[in-house]
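Peer 1: Given the coordinates of chain A, work out where chain B should sit on it, guided by the hints.
2 protein chains.
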Amino acid sequence: MVTRFTQICSDGAARSGEFSTTHGVFETPNFMPVGTQATVKGVDSERLKELGAQIILVNTYHLWLRPGPEVVSALGGVHKFCAWQGPILSDSGGFQVFSLKDTRHLAEEGVEFKSYLDGAKYLLTPEKSIAIQEQLGVDIAMVLDECPAAGLSYDEVSRSLDLTIRWAQRSLAARKNKNMAVFGITQGGVFPELRARAAAQLSEMDFDGMAIGGVSVGEEKDKVHEVLSYHAAQLPQHKIRYLMGVGTPEDMVFAVKHGVDLFDCVIPTRAGRCGRAYVRGEQPYINLRNAKYQRDEDPLDLSCRCLACRNYSRAYISHLFRTREMLGPQLLSVHNLTHYQELMQAMRQAIRNHTFEDLYQHERQRWKL
Amino acid sequence: MVTRFTQICSDGAARSGEFSTTHGVFETPNFMPVGTQATVKGVDSERLKELGAQIILVNTYHLWLRPGPEVVSALGGVHKFCAWQGPILSDSGGFQVFSLKDTRHLAEEGVEFKSYLDGAKYLLTPEKSIAIQEQLGVDIAMVLDECPAAGLSYDEVSRSLDLTIRWAQRSLAARKNKNMAVFGITQGGVFPELRARAAAQLSEMDFDGMAIGGVSVGEEKDKVHEVLSYHAAQLPQHKIRYLMGVGTPEDMVFAVKHGVDLFDCVIPTRAGRCGRAYVRGEQPYINLRNAKYQRDEDPLDLSCRCLACRNYSRAYISHLFRTREMLGPQLLSVHNLTHYQELMQAMRQAIRNHTFEDLYQHERQRWKL
Chain A
21 MVTRFTQICS
31 DGAARSGEFS
41 TTHGVFETPN
51 FMPVGTQATV
61 KGVDSERLKE
71 LGAQIILVNT
81 YHLWLRPGPE
91 VVSALGGVHK
101 FCAWQGPILS
111 DSGGFQVFSL
121 KDTRHLAEEG
131 VEFKSYLDGA
141 KYLLTPEKSI
151 AIQEQLGVDI
161 AMVLDECPAA
171 GLSYDEVSRS
181 LDLTIRWAQR
191 SLAARKNKNM
201 AVFGITQGGV
211 FPELRARAAA
221 QLSEMDFDGM
231 AIGGVSVGEE
241 KDKVHEVLSY
251 HAAQLPQHKI
261 RYLMGVGTPE
271 DMVFAVKHGV
281 DLFDCVIPTR
291 AGRCGRAYVR
301 GEQPYINLRN
311 AKYQRDEDPL
321 DLSCRCLACR
331 NYSRAYISHL
341 FRTREMLGPQ
351 LLSVHNLTHY
361 QELMQAMRQA
371 IRNHTFEDLY
381 QHERQRWKL
Chain B
21 MVTRFTQICS
31 DGAARSGEFS
41 TTHGVFETPN
51 FMPVGTQATV
61 KGVDSERLKE
71 LGAQIILVNT
81 YHLWLRPGPE
91 VVSALGGVHK
101 FCAWQGPILS
111 DSGGFQVFSL
121 KDTRHLAEEG
131 VEFKSYLDGA
141 KYLLTPEKSI
151 AIQEQLGVDI
161 AMVLDECPAA
171 GLSYDEVSRS
181 LDLTIRWAQR
191 SLAARKNKNM
201 AVFGITQGGV
211 FPELRARAAA
221 QLSEMDFDGM
231 AIGGVSVGEE
241 KDKVHEVLSY
251 HAAQLPQHKI
261 RYLMGVGTPE
271 DMVFAVKHGV
281 DLFDCVIPTR
291 AGRCGRAYVR
301 GEQPYINLRN
311 AKYQRDEDPL
321 DLSCRCLACR
331 NYSRAYISHL
341 FRTREMLGPQ
351 LLSVHNLTHY
361 QELMQAMRQA
371 IRNHTFEDLY
381 QHERQRWKL
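Residue numbers (my numbering), protein chains in the order written: chain A, 21 to 389; chain B, 21 to 389.
Just chain A, with the same shape it has in the complex (with noise of 0.2 angstroms):
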């Protein structure tokens, strides 16, 4: 294996790094932006650079119905399709398969679904979901795992951790291109011995990264802080450790405080599209669909600097969503994508200066955790 992943400073069990890939170095903690269609909605790549990405993530499922892993590869892979020259990250397909809870069947092969858009038949198996990504060429693949739906028993989560550590293997072996990172995928619902075993069952295989999976499948807020809590410090001090599809800042801190390296989730782009932009001060986010933003000619955040905050006003911003103009979901999908920048820019640092714990009680007060 080759050594991707350097812890530069810790503070408690918060940890900075750097990540490396053909593409570039990414720092740690870092947030990708998800690209869903190798597009992050409403943010062009050149924004997306300036408001701090370092990298970004996009889906294997949406990008292999269409345009086709096959058509990617021939305009010259997926950096050059989206315009993204920094690192990308490809989940495996699994997530979006599994919610297809009706017309999907599970097998030891891999699972069988029909496509949404003309009732095809596909097979996402391990090997399969490893061969898109690589055609695709990202710089991080993730590996195919089952992650089971919230409130299963003990048992049901067990055997299908079971089958999570076949995948993994699986995926391992199929690898051709040992340019790509492969990340492995723990599961174990909220059971601290399943989690305990995968983290020890896949420390074990040759994984450039350890991600943290089904944690975002439904579960209370507690449950997840809980697994949170004592599931980083299972798995392996020199690999990164990414918590998939997490989540919102407070999320983020309280993660990063037990020592989670790297997050991606849809939440900035998504709030923003519904007039919710995350600020600093007392009050974590405010929404502009609210009418007592009609009037208020001050930026979204006074110690932003983004594009929405050096040119427009609250009032504006709230007259484009009163008037349904694309502009608003925009400016605040940079907004939201910029102050989740700035966030982890402030950890890295609070990290390099042993100021975290102030951070995350500075947080947790603004959130009242």
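Please keep in mind that the hints were generated in silico from the structure rather than gathered at the bench. It cannot be assumed that every hint is accurate.
Copies of one chain are not kept apart here, so a pair can be met inside one copy or by any two copies together.
[Claimed, not checked] DSBU-like mimics (lysine-lysine), calculated; alpha carbons at most 35 angstroms apart, straight line: (1) Lys388 <-> Lys134; (2) Lys61 <-> Lys312; (3) Lys61 <-> Lys148; (4) Lys312 <-> Lys69; (5) Lys312 <-> Lys148; (6) Lys312 <-> Lys134; (7) Lys312 <-> Lys100; (8) Lys100 <-> Lys69.
Peer 2: Same frame as chain A, but now just chain B:
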């Protein structure tokens, strides 16, 4: 009257010049992107500047109803509101009100209508329109005119023109802020005598510019071109000539040939949102929804350096439209507006070089005029 328009050079009837406002100078011929709700759909003000726009248009009707001119004024005026520090022209609001065929009532005083937002009754008069535009703080205001529908008789259009002339006088008399330019609007349908009378009567008044109204209201293209071919020459040489609501690149090239200086139209952004990109080359435009672009690795236009063309392939933009991603409309809006600005730049250059006829014949060939 302050001298605002300076003709710098001409080539046949085509002319190039400059128009001064309190928010700076714009060159002519020029095209104004349309910011109906004080936002050019999908394009932020930084991109708008980058793509070469020198002046934009906003709609009095829409801003009157929402957020209201008093709100815009309290927030520092429309320039600050929409973060555009260059010149801004507003229409009178009349065009939108007259389009409410069933719910508006026309009288000598003005035109009464019901708000589509809350059903409240509004009365738009020449004086009210000027007052709203002054309150918005625009650089150039348009007078309220009656825009008769296509297909009316000579007598009907003549009576309508009489009202437009009386309203024009009232509009001029209503202006309080002499820094705000006011443009008169000619009507007269497709009747040369009425167009001539409109030009003559409005020329006697102290307008800062002359607009040609009522040529984008449903007549056939031939009729529109016929009016343009004689009407611009009926207007005073020393005033800017603005052709309202036009148009396609072919219409604009034809109009400049006959002495028009200024345009506005929703086409570049509206067509962009529907997948149409204006390009150079043999074909004047392409539609990115067309299957043949799915694997096309070229940019929209090889000679364009806009945000879309310097980053993305036709295949990628085609993928964005197929997946209904908002970045598709955003990119094509920027591209088409860039194309329009570059056409204006090319026309100004050709007039300076006395090669306008070559440019005209080239465009004529492409569009098979």
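Peer 1: All hints, please: hold or fail.
Peer 2: Hints, verified against the model:
1. Lys388 <-> Lys134: Answer is neither: 43 angstroms inside a copy and 48 angstroms across each miss the 35 angstroms cutoff.
2. Lys61 <-> Lys312: Intra 27 angstroms, inter 24 angstroms, cutoff 35 angstroms: intra and inter.
3. Lys61 <-> Lys148: within (27 angstroms within a copy, 41 angstroms between copies)
4. Lys312 <-> Lys69: both (33 angstroms within a copy, 31 angstroms between copies)
5. Lys312 <-> Lys148: Between copies only: 28 angstroms across, 52 angstroms inside.
6. Lys312 <-> Lys134: between (47 angstroms within a copy, 26 angstroms between copies)
7. Lys312 <-> Lys100: This pair counts as between: shortest inter-copy Cα distance 19 angstroms, intra-copy 43 angstroms.
8. Lys100 <-> Lys69: both (15 angstroms within a copy, 27 angstroms between copies)
Hint 1 from the list above is the single one not met by this structure.
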